[in-house]
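With the hints as constraints, model all of the structure from the sequences given.
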Amino acid sequence: SQKIEQNSEALNIQEGKTATLTCNYTNYSPAYLQWYRQDPGRGPVFLLLIRENEKEKRKERLKVTFDTTLKQSLFHITASQPADSATYLCALNTGGFKTIFGAGTRLFVKA
Amino acid sequence: GAVVSQHPSRVICKSGTSVKIECRSLDFQATTMFWYRQFPKKSLMLMATSNEGSKATYEQGVEKDKFLINHASLTLSTLTVTSAHPEDSSFYICSASVTGGGFVNTEAFFGQGTRLTVV
Chain W
1 SQKIEQNSEA
11 LNIQEGKTAT
21 LTCNYTNYSP
31 AYLQWYRQDP
41 GRGPVFLLLI
51 RENEKEKRKE
61 RLKVTFDTTL
71 KQSLFHITAS
81 QPADSATYLC
91 ALNTGGFKTI
101 FGAGTRLFVK
111 A
Chain C
1 GAVVSQHPSR
11 VICKSGTSVK
21 IECRSLDFQA
31 TTMFWYRQFP
41 KKSLMLMATS
51 NEGSKATYEQ
61 GVEKDKFLIN
71 HASLTLSTLT
81 VTSAHPEDSS
91 FYICSASVTG
101 GGFVNTEAFF
111 GQGTRLTVV
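Chains W and C supply the protein sequences, listed in that same order. Using this note's numbering, read the first sequence as starting at 1 and increasing by one per residue. Using this note's numbering, read the second sequence as starting at 1 and increasing by one per residue.
Everything labelled a hint here was simulated from the structure, so no lab data went into it. All values derive from a computational prediction rather than experimental measurement. You can take every hint at face value.
Reference excerpt, derived from the structure (chain W facing chain C, CB under 8 Å, subset only):
1) Leu-49
2) Lys-98
3) Thr-99
4) Gly-102
5) Gly-104
Beta carbons are placed, not taken as given, at the ideal position from N, Cα and C, and that holds for glycine.
Rendered as structure tokens:
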């Protein structure tokens, strides 16, 4: 069956460090992968999209990698700040506009 | 970015009653909207795809008679939870993708979500 897996345990890091979140998937061949941020009680907010032919994508302090051989994406936040604390969701498109989400990883950045 | 407005943000209703949730695209037209349900610390589960002017497409295991979806215009989709039960209590979120206008049509814009509590 198709699966998207993200670290279920929360990630705690110190302010200023780099946070790295992992997304693994099985039985998919997605054309692209997306990362979203979700704050408690709010809808997700789009952050980055990376296509299958792209190895890396950057946006300000964010960096995403996509390894279609390993079926894995890594999401990095450099120089992390307490305001970066949130749940980060990995999402795959399964055809048309239909998107499937991972359960998310909760990030806590301590000042 | 494009804005999707969802209303209400919170609702409490009695068992057996029906609740309507609205999802509006404020500055773009959305021929397709999506309805998700999310349990605490769980992923968003796609319930149905709402298509303007036609019937919604429901995911396996989602009761279409229980979760009525209407997409009567290019800017509004509604989800009605009929004969609500406590187990329907959840966080419901809608989304829409933008086509054209310089947007990447794969990027989804989400509403703020609706916290439904059935007592």
